Amino acid sequence: MPNIERRDFLKLVGAGSVGVGAGFYLRESIKHPMEHLIPHVVAPEDFSTGIDTWYNTVCSMCAAGCGISVRTREGRVKKIEGNPSHPVSQGRLCALGQAGPQVLYNPDRLTGPLMQTGERGSGAFAQITWDEGLSKVADRLDLLRAAERGNRVCLLSQGVRGHLAQLFERFVDQLGSERLLHYDFDHPHTLYAANQRFFGEQRLPYYDLKNTRYLLSFGADYLGSWISPVHHSLGFGHSRQGRPDVRGRFVQIEPRMSLSGAAADEWIAARPGTEGLLALAVAHHILSKGYYQGADRADWIAVLAGYTTTEVAAQTGVPAETIVRLADAFAQTQPSLAIGGGSAGNHSNGVDTLVAVNALNYLVGNLGKAGGLVFNPEPAGPTTHPHQASYRTMLEFVEDARRGNIEVLIVNGTNPVFTLPSAAGFAEALAEIPLIVSLSSFLDETTALADVILPSHTYLESWGDDFPEPGVGFPVGAVSQPVASPLYDTRATGDIILGLAQRLDMNDVLPWSSMEDCIKDGWRQIHERGGGDVRTESFESFWRAVLTAGVWGEETHRESTFTLDKSVIAGIGVQAPEFSGASDDYPFILHPYLSTTLHDGRAANLPWLQELPDPMTSVVYGSWVEMNPVTAKGLGLTEGDLVDIESPHGRIRAPVYVYPAIMPDVIAMPIGQGHAEYGRYARNRGVNPIEILSPQMEPQTGSLASSATRVKITATGRRAELVKTGGNSRDLGRNIVQTTGAGQHSANLNSIPITVIPS
Amino acid sequence: MNVSIVPGLRALRPAALVGGTLFLGLLVGYWANATWYPGTSPEQPIEFSHRIHAGENEIPCMYCHTQARRSISAGVPSVSKCVGCHKEIATERPQIRKLMSYWQNEEPIPWIKVHDLPDFVHFTHKRHVSAYARAAGIECQTCHGPVETMDRIRVTSRAIDGSFQLDTPWEMGLCLNCHRQHQVEHGTDCWTCHK
Ligand code: SF4
Numbered sequence: 054m055p056n057i058e059r060r061d062f063l064k065l066v067g068a069g070s071v072g073v074g075a076g077f078y079l080r081e082s083i084k085h086p087m088e089h090l091i092p093h094v095v096a097p098e099d100f101s102t103g104i105d106t107w108y109n110t111v112c113s114m115c116a117a118g119c120g121i122s123v124r125t126r127e128g129r130v131k132k133i134e135g136n137p138s139h140p141v142s143q144g145r146l147c148a149l150g151q152a153g154p155q156v157l158y159n160p161d162r163l164t165g166p167l168m169q170t171g172e173r174g175s176g177a178f179a180q181i182t183w184d185e186g187l188s189k190v191a192d193r194l195d196l197l198r199a200a201e202r203g204n205r206v207c208l209l210s211q212g213v214r215g216h217l218a219q220l221f222e223r224f225v226d227q228l229g230s231e232r233l234l235h236y237d238f239d240h241p242h243t244l245y246a247a248n249q250r251f252f253g254e255q256r257l258p259y260y261d262l263k264n265t266r267y268l269l270s271f272g273a274d275y276l277g278s279w280i281s282p283v284h285h286s287l288g289f290g291h292s293r294q295g296r297p298d299v300r301g302r303f304v305q306i307e308p309r310m311s312l313s314g315a316a317a318d319e320w321i322a323a324r325p326g327t328e329g330l331l332a333l334a335v336a337h338h339i340l341s342k343g344y345y346q347g348a349d350r351a352d353w354i355a356v357l358a359g360y361t362t363t364e365v366a367a368q369t370g371v372p373a374e375t376i377v378r379l380a381d382a383f384a385q386t387q388p389s390l391a392i393g394g395g396s397a398g399n400h401s402n403g404v405d406t407l408v409a410v411n412a413l414n415y416l417v418g419n420l421g422k423a424g425g426l427v428f429n430p431e432p433a434g435p436t437t438h439p440h441q442a443s444y445r446t447m448l449e450f451v452e453d454a455r456r457g458n459i460e461v462l463i464v465n466g467t468n469p470v471f472t473l474p475s476a477a478g479f480a481e482a483l484a485e486i487p488l489i490v491s492l493s494s495f496l497d498e499t500t501a502l503a504d505v506i507l508p509s510h511t512y513l514e515s516w517g518d519d520f521p522e523p524g525v526g527f528p529v530g531a532v533s534q535p536v537a538s539p540l541y542d543t544r545a546t547g548d549i550i551l552g553l554a555q556r557l558d559m560n561d562v563l564p565w566s567s568m569e570d571c572i573k574d575g576w577r578q579i580h581e582r583g584g585g586d587v588r589t590e591s592f593e594s595f596w597r598a599v600l601t602a603g604v605w606g607e608e609t610h611r612e613s614t615f616t617l618d619k620s621v622i623a624g625i626g627v628q629a630p631e632f633s634g635a636s637d638d639y640p641f642i643l644h645p646y647l648s649t650t651l652h653d654g655r656a657a658n659l660p661w662l663q664e665l666p667d668p669m670t671s672v673v674y675g676s677w678v679e680m681n682p683v684t685a686k687g688l689g690l691t692e693g694d695l696v697d698i699e700s701p702h703g704r705i706r707a708p709v710y711v712y713p714a715i716m717p718d719v720i721a722m723p724i725g726q727g728h729a730e731y732g733r734y735a736r737n738r739g740v741n742p743i744e745i746l747s748p749q750m751e752p753q754t755g756s757l758a759s760s761a762t763r764v765k766i767t768a769t770g771r772r773a774e775l776v777k778t779g780g781n782s783r784d785l786g787r788n789i790v791q792t793t794g795a796g797q798h799s800a801n802l803n804s805i806p807i808t809v810i811p812s
Numbered sequence: 804m805n806v807s808i809v810p811g812l813r814a815l816r817p818a819a820l821v822g823g824t825l826f827l828g829l830l831v832g833y834w835a836n837a838t839w840y841p842g843t844s845p846e847q848p849i850e851f852s853h854r855i856h857a858g859e860n861e862i863p864c865m866y867c868h869t870q871a872r873r874s875i876s877a878g879v880p881s882v883s884k885c886v887g888c889h890k891e892i893a894t895e896r897p898q899i900r901k902l903m904s905y906w907q908n909e910e911p912i913p914w915i916k917v918h919d920l921p922d923f924v925h926f927t928h929k930r931h932v933s934a935y936a937r938a939a940g941i942e943c944q945t946c947h948g949p950v951e952t953m954d955r956i957r958v959t960s961r962a963i964d965g966s967f968q969l970d971t972p973w974e975m976g977l978c979l980n981c982h983r984q985h986q987v988e989h990g991t992d993c994w995t996c997h998k
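If you read the sequences in order, they're chains L and G.
Residue numbering for the first sequence follows our numbering, beginning at 54 and increasing consecutively.
Residue numbering for the second sequence follows our numbering, beginning at 804 and increasing consecutively.
In case anyone wonders, no lab produced these hints; they're calculated from the structure.
Some hints here could point you the wrong way.
[To be verified] In silico DMTMM-like cross-links for lysine to aspartate or glutamate, where the CA-CA straight-line distance does not exceed 20 Å: (1) L:K342 <-> L:E319; (2) G:K916 <-> L:E81; (3) G:K884 <-> L:E98; (4) G:K929 <-> L:E127.
[Said to hold, decoys possible] To list a few chain L residues with every Cβ distance to chain G over 12 Å, as calculated: (5) I83; (6) W107; (7) E127; (8) E481; (9) R577; (10) F595.
[To be verified] Partner residues aside, some chain L positions facing chain G, computed with beta carbon under 10 Å: (11) K64; (12) V71; (13) G74; (14) L79; (15) H89; (16) I91; (17) V94; (18) E485.
Since the model is a prediction, treat every value here as computed from it, not as a measurement.
For every residue, glycine included, the Cβ atom is placed at its ideal position computed from N, Cα and C.
Put together the whole structure using the sequences plus the hints.
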């Protein structure tokens, strides 16, 4: 036995034990981690583990009202697709709609009622209970109502439709207030007004892109963001490729090429605000060529006398030959369709411009027929268009608030601090309102200034219903049902209002105990009225059928004989657009456009959409300013140069993106970024062009002429590399786009062996 | 000059000895863990016995695991299902009392998962208990081992030669082996299991 010293012995024992321990834990650490199998206490009836359950409901990410089918697994939302039975979306969906789960699972959602404890905007909030929150608000409302000062309460909401709209109306009315405002930056006020003037209807017609052969679009980015992009995309696809013998032609007239411009057969840049003049020149040509032979022909000739193609060519910058060509094609290709909106409607002459576009449809006989413009029937349920607040209405509100005439403001879903120009002074006016209550699900810029936050469910957790506007030519309604149990201590907007109503004893006009009740009650009436494709004896089976299908409707077509009033013809005419700011000081016209992904900024908190490249520039995560190469060269700028964009009302800073498809004196910026609040994904990213817009209005509607701001550009000498997925837009000898001469091409064609596959 | 490394080595000897012991210890520790704590048959919150239920009482597997024929997962029975029988049966046993206390507290039983495939494997029970599979002689036991003899469930798989191997989880080769034997259509395509 070798002699071993005590010290060495202890060393060895130590090493041995450390080794054993380490070995034990080594294996322990590479073991499969323990997982649990948690059973239900009582098995649920509406799903089975591991099996998808689909629920049909309604997308609420924009005002189009597409039907969606939500895939859920074990009671959780997994994926959203389009509802194939819904006539608006027909199984399709846009990027915004797809991103719905990120609204539900957003880490920045408000998880329960809050009360501001510090200064407004300090971000110091304390949790309160629903009872405390509702009582606090109800008590104040009760006092005001008792003192007959109910009109000092304002409910300011995003546009909502269906029975929630009705609930709002009744609630505000019961308070004795007339201040029910719906504010959305993108609400097409001028389009409604133009249709009211021309057709005498306060609703949008159905634009039948699907069956048209020739589309003239004046500024309406119908594939990207205009009114109902998913439905328009379906129509566009069908018109282009869905018919064996015809391929629709699409012409887009706008100063900056949008997604629709890129998809069109022809993109024509008219000077901003002159789209209406162009439309009238087309009309002029239609009349002078004798394409129109109606009884009121003489009236038209008289009113259009000043809009000859040559004159208008000079004003719009579009050559007279082009105008003639468009007019000929538009009149001779039947059915054709003219639509107008977007930037064309957002000028000081917006309504007149869109009336001129309607006139085109009238003159070539596109009204009330397939492939043209189809009149919509009365919607089957409540809508809120009458309460849509224009910019002027919002200014009046601001003025009232400043004078101390507003004592309680309840904000639901809309975010005017972000979507109103700073010139409106909305945020400052809020300071004069003693109590601001927000029902938003997120801490957006407006909610950050609220005193009490009663957070609402997301649309995937709430009951609701919708009657899409514009409709699809026949009555459609859809019920929106909760597809997941609420994740947090939030409540449906309707339930919050009902909670207040109960505390204020409004039971006789608002008798429902919950929003579900209210919706069901509304649909009971629809069932009793009859009609629609679901016909059942009992309401219960009707209700089940509607919930299962997710939609209710009736494919009938409204017979309409349209006669135009002579006074309308006499009122036709388009003034030159007005811009604010002198053109010497502010040489460029700012063209702000709704982002295809972030919309008006409401989707900036969804990372999927932040990282989705803009379809035209491929830029992600930020703002940029689009500039014609000639302009950029003149200013000595290249892509990524940071510039200051300054209007008479403010200044923002963004990097340049050199964009060939924009007029040289126009610069374009996407709306959507530039949030100061609204969660981790939205905050401090890019800039908000709405901020610097001039308070120029369209005088008839009072809506914001958001495309009528002049700006100047100053280089800062600094750079910010744009994050984008696109590489260089030039070929650089890489032979990516291969070209061949015409002669060579036909020779090639003849030599290509063609195999005919028998069907 | 004579240079030798021997003195140097000699000086290193104590360190080598310590290192060697450490390494030996490591092996012993690893082995001990693998032998006595294989973790392939974890103790469950309730000592539920498949031997009594599936073996002695011959309750069909899918009486409790109702999802297997319809879903990717076989599903564990809800607490109410257990209570459904045990309201009447063996109510005095301590384990049943435990079950009842879960039931009264409206709490789920936190069973520990024994058979677990990695997340990158798309396995569906539905296919493997379909009429085709049954016609080919595939039973629950084919993959899960002789469950009806086990008091506590233990990881089991089937070796290439068809014998059960206890404490050894399923691996790709074993799945493929069976797919080949039964000539499963697309049974060896990557995308069949990895999608
Ligand atoms: S267009 Fe997109 S965001 Fe709007 S409702 Fe349809 S899917 Fe939703």
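Self-check item: Hint check, failures only
Solution: 1, 5, 7 and 18
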